[in-house]
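Peer 1: As they're listed, the protein sequences go chains A and B. Heads up: the first sequence at position 28 corresponds to 181 in this note's numbering, and the numbers run straight through without jumps. Heads up: the second sequence at position 589 corresponds to 1883 in this note's numbering, and the numbers run straight through without jumps.
Hint data in this document are derived by calculation from the structure and do not stem from the laboratory. Nothing here was measured: the structure is a model prediction, and the numbers come from that model. Treat the hints with care, since some could be wrong.
What the hints assert, rightly or not - Pairwise CB distance ranges, derived in the manner of DEER restraints:
1. B/1903 <-> A/179: 54 to 60 Å
2. B/1320 <-> A/178: 56 to 62 Å
3. B/1365 <-> A/248: 56 to 62 Å
4. A/325 <-> B/1364: 46 to 52 Å
5. A/175 <-> B/1570: 35 to 41 Å
6. A/175 <-> B/1316: 25 to 31 Å
7. A/179 <-> B/1517: 31 to 37 Å
8. A/325 <-> B/1313: 57 to 63 Å
9. B/1570 <-> A/177: 17 to 23 Å
In this text, a Cβ means the ideal position worked out from N, Cα and C, and glycines have one as well.
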Amino acid sequence: MLTLSCGFIVLVAVVLVVFIVAGYNSLVTLRNRYKNAYSQIDVQLKRRYDLIPNLVETAKGYLAHERGTLEAVIAARNAAVTANTRAAQNPGDSSAMKEISSAETALSGVMGRLFALAESYPDLKANTTMLSLMEELTSTENKVSFARQAYNDSVMAYNTRREVFPTNLIAGPFNFGPAELFVIDKPEQKDAPKVSF
Amino acid sequence: MDFFERQDKARRHTAFLVFYFVVAIVLMIGSIYLVVATLTGAFESRDTSDETTTSVSQPEVFLVTAFGTLGIIGAGSFFKTLSLARGGRAVAELLDGRLVNPNSTDAHERKLLNVVEEMAIASGVPVPQVYVMDGEPGINAFAAGHSASDAAISVTRGAMTMLTRDELQGVIAHEFSHLLNGDMKLNLRLMGLIFGILCLTVIGRILVRARGKNAWPAILVGLALIIVGWVGVLFGRLIQAAVSRQREFLADASAVQFTRNPSGLAGALKKIGGISEGSQLRSHRAEEASHFFFANGLKSGFFGFATHPPLIERIRALDPSFDGKYPSVVLPDTPVEVAPPPLPSVSPLVPPPQPPLMPTATPPPLPVLPPPLPAAAVSIAQQAIVEDIGRPRPEHLQYAVDLHQAASASIKTAARDPLGAHALVCAFLLAEDPSLREKQLQELGRTTSDAVRDETRRMWPQVQQIPDQGRIPLVDVALPALRRLSPQQFEQFRLSVNTLMSSDNQSNLFDFMMQKIVMRHLDTRFYPERRPVTQFYDLRPLARDAGIVLSATAYAGTEDVTKAKAAFVKGAELLSRIAREEIPWLPPTECELAHLDAALDRFAQSVPQIKKNVLSACAGTVAFDNAIQPREAEILRAVADSLDCPIPPFLQS
């Protein structure tokens, strides 16, 4: 009898240990995955932040009367750089992610305005440097959105695992907090500023 | 000893390993039984004062302890093996590795990534995932995985920052030899089994903490489990060490063969001796994985338990004049490898003066591949092809370095980015015909997203200029980025590749093999359970499959059917003798891409010797006219890749 009860205790202990270890490991893996996914965004965002000053510098000569827009672009870019530095240090953190989301939304907005402005300056549009910079920026933006999709997918996977039974029993005691998505609100077409001729 | 013999040997080692473990487990069950039986015997005899129960033979107790122990070890090993099914990254992440971004611009990381990429191109395997253990100041590294497609290479921060490029190359070459020698699979199995035994001590520790009136038997059993478990772990470590030590010497030797630069590897080993941290690891999980590492990762080095030969012996094997005095380590200057600016217009944060750097408006004419294979054929002895498998030479490494440096920066940056890599593979599969291509692009936009479509369109002109022999290396470089797709994105990727393949009616063998390489290596990432298991030990049941592969290869080489037949015969003769059975010559309708796909999948499940025979026969078919066209050579490499037999790039003879 005694050996049987001992065996039973051992069996329960095994099941418990396996269950806890498996749940914990899966959470760690998923957390690493979304953190790694953010580093992919980070690389592309930094490239984008490097390109923008070049673009502004090129456009300056042609858009002498649009100083306001150019300054807004630079200001939005600088704000986004700060926000990204913070988010890269702690991807998934709620306030950092909200900050970068809003900074990126603002930057996309002013960049859209700049692109719209450029449309009405044929000389600027014909400038090859400007053309290739815009091309490069569009491509980088595509890469950002692609990387963002991957990040959001992995955040979703992590959050789901965190909330479902039985891993939710482990998430609390081991301090696995929820992760925040990275959303950029697309500036709507109708909001694009009217270009005055 | 060639690649296939080494693979066979690794497989035999696994059998030994299992045998030793069975012995260890039987001994452990025996000792646990003794402890439990003595305990219960003493207990019951005191309770009932009955003389008969004190005898040692208690079948009931024996059954319970035997099944209990087996159950625990089995469950633990099973669980660990399951969690290691994800391949090398499971081990890398367990040891707190950080995945290095393939597009990193950090000078140290760039150096590491470039060395790994060059090494992978030279050996003809996909570029593994690269991890850095930031919390480890010592010098150490490891490679882990089941096969080349899920391999991960992980280095400590110390190794990344303190070693020069040559030394790092030596270390990475050592790790690649493990990868190519088939050691990694063995190592993973070992890790799973050892963990099972380790479980006993963990449960023992829990039982020891049991509280309550009648808890003391549980505590005693717990203590016994700890002691017995510890004995088991020692056993495991002994086996771990025995298997590992001899393979370390082999890997050192292969690494030198590979780089022809003993001073690099020796320099790295000397630096380990020269710094206070040595090669020791801080992570407490290093124990289960100690046999993976480049150098001893644990403190305990007593004889019999050290997983690696003594440092000084390893150095002397490389540098006989070594006097035993380790140099004091000086940090090399940081910008060992200047990171190539990923973009033509990377500017400082302050806006640069006018005019800004000229970004590429139109992609520059690709200065591709300095040692290009001449359009005319290369003659390669078929024997040499098979001998080279899994055994790259310094010339291959040099070729890879040149290729790596010559590839245009924009293509390389694209290949290291998930979206860029996605677009690159799609662009490879686009049709030549403009109207068909436009249709394909529209289709691509529908199945995936506009971003993918635009990037593919953008890359097409550049991709078109990449010669045949540059394509597989580029795909190998793109794989780490593709592994970073999210599962949803991977489904879209698979869909888009399938769509492109089916929409191009003239899709040829080369395109097909390219997408097969990509999908095969990615499937192990996204569906770890689909790993092939060895099922064929004899060539005879595969005669028809051999016919399909050889016929398809023959048709790809020439338009002329009689010539193709002759080429086929040349390869098939070789195989028929071994198979003692006729290899059928098939009409084109019976060796289409779908048939070929199935045939290759079956060969992938056969023992190394069969793979070797089939590849020799393929090489014979391809080399029928004593001339191998670049495209033929790449098809052959792709076929070999699908059988997990990496052929290094073909060199101009």
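Peer 1: State for each hint whether it applies.
Peer 2: Hint check results:
1. Checking the proposed 54 to 60 Å range against residue 1903 of chain B and residue 179 of chain A shows it is violated: the Cβ atoms sit about 39 Å from each other.
2. Between residue 1320 of chain B and residue 178 of chain A the Cβ separation comes to about 30 Å, which falls outside the hinted range of 56 to 62 Å.
3. Distance hint check for residue 1365 of chain B and residue 248 of chain A: the Cβ-Cβ separation is about 48 Å, which falls outside the suggested range of 56 to 62 Å.
4. Distance hint check for residue 325 of chain A and residue 1364 of chain B: the Cβ-Cβ separation is about 35 Å, which falls outside the suggested range of 46 to 52 Å.
5. About 38 Å separates the C-beta atoms of residue 175 of chain A and residue 1570 of chain B, a value consistent with the hinted range of 35 to 41 Å.
6. Judged by the Cβ atoms, the range 25 to 31 Å given for residue 175 of chain A and residue 1316 of chain B holds: they are separated by roughly 26 Å.
7. The beta-carbon spacing between residue 179 of chain A and residue 1517 of chain B, approximately 32 Å, falls within the hinted interval of 31 to 37 Å.
8. The hint said 57 to 63 Å for the Cβ distance between residue 325 of chain A and residue 1313 of chain B, and at roughly 45 Å that hint is violated.
9. Roughly 33 Å separates the CB atoms of residue 1570 of chain B and residue 177 of chain A, a value that falls outside the hinted 17 to 23 Å.
Checked against the numbered hints above, the structure breaks hints 1, 2, 3, 4, 8 and 9 and satisfies the rest.
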